[in-house]
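Please put together the full structure from these sequences, using the hints given.
Those sequence lines, one after another, are chains A and B.
Start counting the first sequence at 1; every next residue gets the next number (the UniProt record's numbering).
Start counting the second sequence at 1; every next residue gets the next number (the UniProt record's numbering).
For the record, the hints were derived by calculation from the structure and aren't laboratory data.
Hints may contain errors.
With a cut-off of at most 25 Å between alpha-carbon atoms, the simulated SDA-like pairs for lysine to any residue come out as follows [claimed, not checked]:
(1) A:Lys92 <-> A:Ser75
(2) A:Lys83 <-> B:Pro30
(3) B:Lys16 <-> B:Glu122
(4) A:Lys83 <-> B:Lys16
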Amino acid sequence: MLLINCPYCEETLPELEFAYAGEAHIDRPADPSALTDEEWRDFLFIRTNARGTHFERWRHIGCGRFFNAARDTVSDRFLTTYKAGQPRPDLKEAAE
Amino acid sequence: MNMQEHDFATAPVQIKELADLVRFSLRVRPEHRADMAAALAMELPQKVGDRAGFATGETLCLGPDEWLILTTEPAALVDAAREAYARLPHSLTEISDREITLRLTGPQVLDLLATGCPRDIEALAEGRAVRTVFDSATVVLWRDGPAEFRMDIWRSFAPHVRSLLAQAEAELIAGL
Ligand SMILES: [Zn+2]
Numbered sequence: 001m002l003l004i005n006c007p008y009c010e011e012t013l014p015e016l017e018f019a020y021a022g023e024a025h026i027d028r029p030a031d032p033s034a035l036t037d038e039e040w041r042d043f044l045f046i047r048t049n050a051r052g053t054h055f056e057r058w059r060h061i062g063c064g065r066f067f068n069a070a071r072d073t074v075s076d077r078f079l080t081t082y083k084a085g086q087p088r089p090d091l092k093e094a095a096e
Numbered sequence: 001m002n003m004q005e006h007d008f009a010t011a012p013v014q015i016k017e018l019a020d021l022v023r024f025s026l027r028v029r030p031e032h033r034a035d036m037a038a039a040l041a042m043e044l045p046q047k048v049g050d051r052a053g054f055a056t057g058e059t060l061c062l063g064p065d066e067w068l069i070l071t072t073e074p075a076a077l078v079d080a081a082r083e084a085y086a087r088l089p090h091s092l093t094e095i096s097d098r099e100i101t102l103r104l105t106g107p108q109v110l111d112l113l114a115t116g117c118p119r120d121i122e123a124l125a126e127g128r129a130v131r132t133v134f135d136s137a138t139v140v141l142w143r144d145g146p147a148e149f150r151m152d153i154w155r156s157f158a159p160h161v162r163s164l165l166a167q168a169e170a171e172l173i174a175g176l
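Spelled out as structure tokens, the structure:
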């Protein structure tokens, strides 16, 4: 089973306490009416589908909070987790 | 549904449903936590999983902006919250009937909990409590002593959780 560190609880806990919630760092457009159909489609449906490092959202059932994680989609290894609202971390630092 | 009670000292676990409790869910932003605690005359712990007692009850930090409050004086709590509402925006909701609470005790209570909880329950310190899952049903697990727990279970999940607990209890009694 995967072990995931919740940045709010500051505890590493089993995957069963967490729910996956899609790709991270996708901002909702401030003025949806100003978008073309293609831009709105891209916002709704087009995702990175990365092979390798993927930035994604997770929710911890324990504290009820969404947070972000960087996970390698090949090895399924969690590289780091960080609070929602924080920028993408520099993974070179996290890897060391 | 009645659970069998084992009063004899040799029982590996005891499972008992507690009488109705008065519970509230409090949501308030972290920056208002300290002022809200003062307004309600209780401690609102900052760390997820920490608990604190107050004159007529107990509080538990479930998340950075979420607390569970058990109290025997609900009217006083609601009055204090209403008084503070204009300067401290928050949500205080009575959730007494949302869950039932089981008291789980006995020398093999950790084995009982391990049948459904993926978390390392032994590592949960006495006097703390966490929201976790038991066979995918969300529960709040309070550790009151080395072999003494309370489990709050949402009503609709209670028959499922209780039947699994009863089955695990039977296996423990049989020495499996
Ligand atoms: Zn958490």
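List of violated hint numbers, smallest to largest:
4
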